[in-house]
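Since the structure of chain A is already known, use the hints to place chain B on it.
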Amino acid sequence: MPHQPAPSTNEQAFLLSALRENIRLDARPLDAYRPIDLSFPGGPDEYGTADVRIGKTRVLAKISAEVVAPYADRKFEGVFTIACELSPMASAAWEVGRQDQAEILLSRLLEKTIRRSGALDTESLCIVAGAKCFHIRADIHVLDHDGNLVDAACLALIAALLHFRRPDVEIHGEEVTVFPLREREPVKLSMQHQPFCITTSYFDGGLIMLQDATRLEEACREGEVVVSMNRFGEVCSMAKYGGAPVDGLGLLACTKAALEKVKMLDRLVRERLAEDEKRRDKGGLMKELRAENER
Amino acid sequence: MATSTILLPGEVVPTDQLPKLKKGTLTLGPGLRHIPPSTILSTTAGALHVDHKKSALWLEHSNGRYQPAGGDLVIAQVHHGGAESYSCSLTPYTPFASLGQLAFEGANKKTRPQLKAGDLVYARVSKASKWDDTEIECFNSGTGKAEGMGPLKGGMLFQVSPLFARRLMMGTDKDGTSKGGVVVLEEVGEKVKFEVAVGRNGRVWVDSGSVRETLAVGKLLVQADEQGLNVEAQRKAVKKVLKDV
Chain A
1 MPHQPAPSTN EQAFLLSALR ENIRLDARPL DAYRPIDLSF PGGPDEYGTA
51 DVRIGKTRVL AKISAEVVAP YADRKFEGVF TIACELSPMA SAAWEVGRQD
101 QAEILLSRLL EKTIRRSGAL DTESLCIVAG AKCFHIRADI HVLDHDGNLV
151 DAACLALIAA LLHFRRPDVE IHGEEVTVFP LREREPVKLS MQHQPFCITT
201 SYFDGGLIML QDATRLEEAC REGEVVVSMN RFGEVCSMAK YGGAPVDGLG
251 LLACTKAALE KVKMLDRLVR ERLAEDEKRR DKGGLMKELR AENER
Chain B
1 MATSTILLPG EVVPTDQLPK LKKGTLTLGP GLRHIPPSTI LSTTAGALHV
51 DHKKSALWLE HSNGRYQPAG GDLVIAQVHH GGAESYSCSL TPYTPFASLG
101 QLAFEGANKK TRPQLKAGDL VYARVSKASK WDDTEIECFN SGTGKAEGMG
151 PLKGGMLFQV SPLFARRLMM GTDKDGTSKG GVVVLEEVGE KVKFEVAVGR
201 NGRVWVDSGS VRETLAVGKL LVQADEQGLN VEAQRKAVKK VLKDV
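Chains as they are written, first to last, in the UniProt record's numbering: chain A, 1 to 295; chain B, 1 to 245.
Next up, chain A with everything else stripped away, as it sits in the complex (with noise of 0.2 Å):
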């Protein structure tokens, strides 16, 4: 039975109405995003766990690592995977084990944008061509549900797979040794570059371009446009999926508000990576390996 109740006729009309003054119900610019937040929780050997907050929107994307088989047809590629589940926690609209649109459309994106514009280097996860390479595996659990989940979810994958540190290799002839992240200084995941997705929604036949939609903004807008781009500007992908048309000019507009939106999320995961590593670094394995003390 659960269906995401519509939003009723007045909440519908008032919102509208309100847009059409400039004003938003949270009384926010219509182009600002709400307060982010983003941290690495875990303790100084886990590596690649991402909660990220807009508002009241919360996901948690976790990177794990390990070593597989490559596919047959790529030898030289190791493998990159991105599972995103929508779970009754976040919203009651969801159950498990039934596949949601939203969620379709959110893992769908996701590949896009991450996967296939080549963000991770595959090619440096492959240890011995043919036989051995690593499975980096990406969970996104939603948390909590108030709207965006797109640009959440993709900011909380970017952030987890920068923070991540696969286990070093070593390889002597055909074997393999794995060390754990005690025994050696784990490896850093090769990002080739840093796409983020920025959702613009639009009103009123495109006339009312917003950004970051709350979950009622949502429910009533007539469409969205997801542009993803990296830093310096260069579109990974654009999705529009139904909804009112919008004019070419109007795309332009998404496409450069989005690059703003871009560089300040881009300016956050550096900041925060940079802080978490300042709390991490304990003056390196040796220093926290030694047997003398401070005295």
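In short, the hints are calculated from the structure, not lab data.
You may find that some hints are simply not true.
Stated by the list, open to error - Calculated cross-link-like contacts (lysine to aspartate or glutamate; reagent style DMTMM-like; alpha-carbon spacing at most 25 Å): (1) Lys153/B / Glu217/A; (2) Lys236/B / Asp26/A; (3) Lys240/A / Glu222/A; (4) Lys174/B / Glu190/B; (5) Lys191/B / Asp26/A.
In this text, all values refer to a predicted model and were calculated from it rather than measured experimentally.
Using the frame of chain A, we list chain B on its own:
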């Protein structure tokens, strides 16, 4: 009551807290359960409230979703219409309540209001039972008068907690102080004209004609609820907001 007793689920209500009963029956409200012969257990966590005059006691708690009870005023959203009744949702993801097509003031087969999916009505719960569908009506079936109930046009809906909605509806004492400790509406009402309807299901409908004012009133209510503002803090918040409007 100066000090309130906090009970956890499954705790026995202490006998010295019970109302001094001379004759008549003891009334148990929400959150309490009678186990014969003479044990009263709490079924949820909350503060114990006792009314000695009516020999009633109940638990007050802010968590959980709204459970329909007979006589409650609610704001319902029409989901779809049927031949004889509309199916309305009181809270999301729960079974619908039914609102008779003719359960409006002065309605007959020709003059009944035509409601569409998504319309809001202010209604009273006429029947609430564990085993049956909840029924609501938009008039007093005894007198046939609307008593302020009916379809809500325009305005905006705001979500508050069920406890806050109850506090909003408690009214004022004889000397004019709010019983529920909420003064937002009174304070704003001195400066701004608006209409308001409070539903026990945690929905507040506000309409003042202008977007800015409607939003300001709704935001103040939600803020008072979420941040647990006391009367003094509420006055301060209202003053601050009124300056901008």
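Against the structure, the hints come out as follows:
A distance of roughly 20 Å separates the Cα atoms of lysine 153/B and glutamate 217/A; the hinted pair therefore holds under the 25 Å criterion. For the suggested pair lysine 236/B and aspartate 26/A, the alpha carbons sit about 20 Å apart, so the restraint of at most 25 Å is met. Restraint check: the Cα-Cα separation between lysine 240/A and glutamate 222/A comes to about 11 Å, which is no more than 25 Å; the hinted pair holds. Between the alpha carbons of lysine 174/B and glutamate 190/B the distance comes to roughly 19 Å, so the proposed pair stays at or under 25 Å and holds.
A C-alpha spacing of about 22 Å is found between lysine 191/B and aspartate 26/A, which places the hinted pair at or below 25 Å, so the restraint holds.
In summary, the structure agrees with every hint in the numbered list given earlier.
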